Amino acid sequence: MPKRVSWEERATNVDAAAADAVLETLKTFDIDKSQTMACTICPEAEHKMRYRLLVCSCQACCEATTLECAWRGKIVTCLETEHASIFEYGTHNTMATALTRKKLTSTQKAYCRELADNHLRPMRIRHALSRKFGTPLDDLPTLKTVQNF
Numbered sequence: 000m001p002k003r004v005s006w007e008e009r010a011t012n013v014d015a016a017a018a019d020a021v022l023e024t025l026k027t028f029d030i031d032k033s034q035t036m037a038c039t040i041c042p043e044a045e046h047k048m049r050y051r052l053l054v055c056s057c058q059a060c061c062e063a064t065t066l067e068c069a070w071r072g073k074i075v076t077c078l079e080t081e082h083a084s085i086f087e088y089g090t091h092n093t094m095a096t097a098l099t100r101k102k103l104t105s106t107q108k109a110y111c112r113e114l115a116d117n118h119l120r121p122m123r124i125r126h127a128l129s130r131k132f133g134t135p136l137d138d139l140p141t142l143k144t145v146q147n148f
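Using numbering that gives the first Met the number 0, the letters of the sequence shown correspond one by one to residues 0 to 148.
These aren't lab readings, by the way, just hints derived from the structure by calculation.
Check before you lean on any hint, since a few could be wrong.
Below 27 angstroms or equal to it, Euclidean Cα-Cα: the simulated BS3-like pairs (lysine-lysine) are [what the hints assert, rightly or not]: (1) K143 / K108; (2) K143 / K32; (3) K143 / K131; (4) K73 / K102; (5) K73 / K47; (6) K32 / K73; (7) K143 / K101; (8) K47 / K108; (9) K26 / K108; (10) K73 / K108; (11) K101 / K73; (12) K108 / K131; (13) K102 / K32; (14) K26 / K143; (15) K32 / K108; (16) K131 / K102; (17) K102 / K26; (18) K47 / K32; (19) K102 / K2; (20) K2 / K32; (21) K101 / K32; (22) K102 / K143; (23) K26 / K2; (24) K73 / K2; (25) K73 / K26; (26) K101 / K131; (27) K2 / K47.
The following label-pair restraints were derived from C-beta to C-beta distances [claimed, not checked]: (28) T65 / L142: 34 to 40 angstroms; (29) R49 / A20: 15 to 21 angstroms; (30) K102 / P1: 31 to 37 angstroms.
Treat the numbers as computed from the prediction; the structure is a model and nothing was measured.
Here a beta-carbon is modelled for each residue, glycine too, at the ideal position from N, C-alpha and C.
Using the sequences provided together with the hints, build the complete structure.
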């Protein structure tokens, strides 16, 4: 039987915007596992929540040692209320951070969804993001990021 992991709380039962803010403070990570299960965030709830396990994908941690980074993360998100709890376990191989890729914010993602519902092409969506948020194209994520969003 696997040993029980003692998760350290980073944020508990916060809304989506606050959860995104906490996730942006973390080093880069990949989602190792993602599944739905009965919601444990809401009391006496019959609906589901998304359970994600994260692993470190920071280039600085990979280059610091030949061992795999010991840091692990967990995000549980209620699918009804969109409240989330974020936990972590272990430490990174190094405290140095690598350059981070440009990411879409939650408001930019919502705007992209709205434009995609109107059947706009990714290049037009990217240019619309630049106009709407007053951001130069160089400061926005790449076209590939917008396409795969």
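The hints, checked one at a time:
no., hint, verdict
1, K143 / K108, "holds, 14 angstroms"
2, K143 / K32, "holds, 23 angstroms"
3, K143 / K131, "holds, 19 angstroms"
4, K73 / K102, "holds, 20 angstroms"
5, K73 / K47, "holds, 16 angstroms"
6, K32 / K73, "holds, 10 angstroms"
7, K143 / K101, "holds, 11 angstroms"
8, K47 / K108, "holds, 23 angstroms"
9, K26 / K108, "holds, 21 angstroms"
10, K73 / K108, "holds, 22 angstroms"
11, K101 / K73, "holds, 22 angstroms"
12, K108 / K131, "holds, 13 angstroms"
13, K102 / K32, "holds, 21 angstroms"
14, K26 / K143, "holds, 21 angstroms"
15, K32 / K108, "holds, 22 angstroms"
16, K131 / K102, "holds, 16 angstroms"
17, K102 / K26, "holds, 13 angstroms"
18, K47 / K32, "holds, 16 angstroms"
19, K102 / K2, "violated, 35 angstroms"
20, K2 / K32, "holds, 18 angstroms"
21, K101 / K32, "holds, 23 angstroms"
22, K102 / K143, "holds, 11 angstroms"
23, K26 / K2, "holds, 26 angstroms"
24, K73 / K2, "holds, 16 angstroms"
25, K73 / K26, "holds, 14 angstroms"
26, K101 / K131, "holds, 17 angstroms"
27, K2 / K47, "holds, 25 angstroms"
28, T65 / L142: 34 to 40 angstroms, "holds, 35 angstroms"
29, R49 / A20: 15 to 21 angstroms, "holds, 18 angstroms"
30, K102 / P1: 31 to 37 angstroms, "holds, 32 angstroms"
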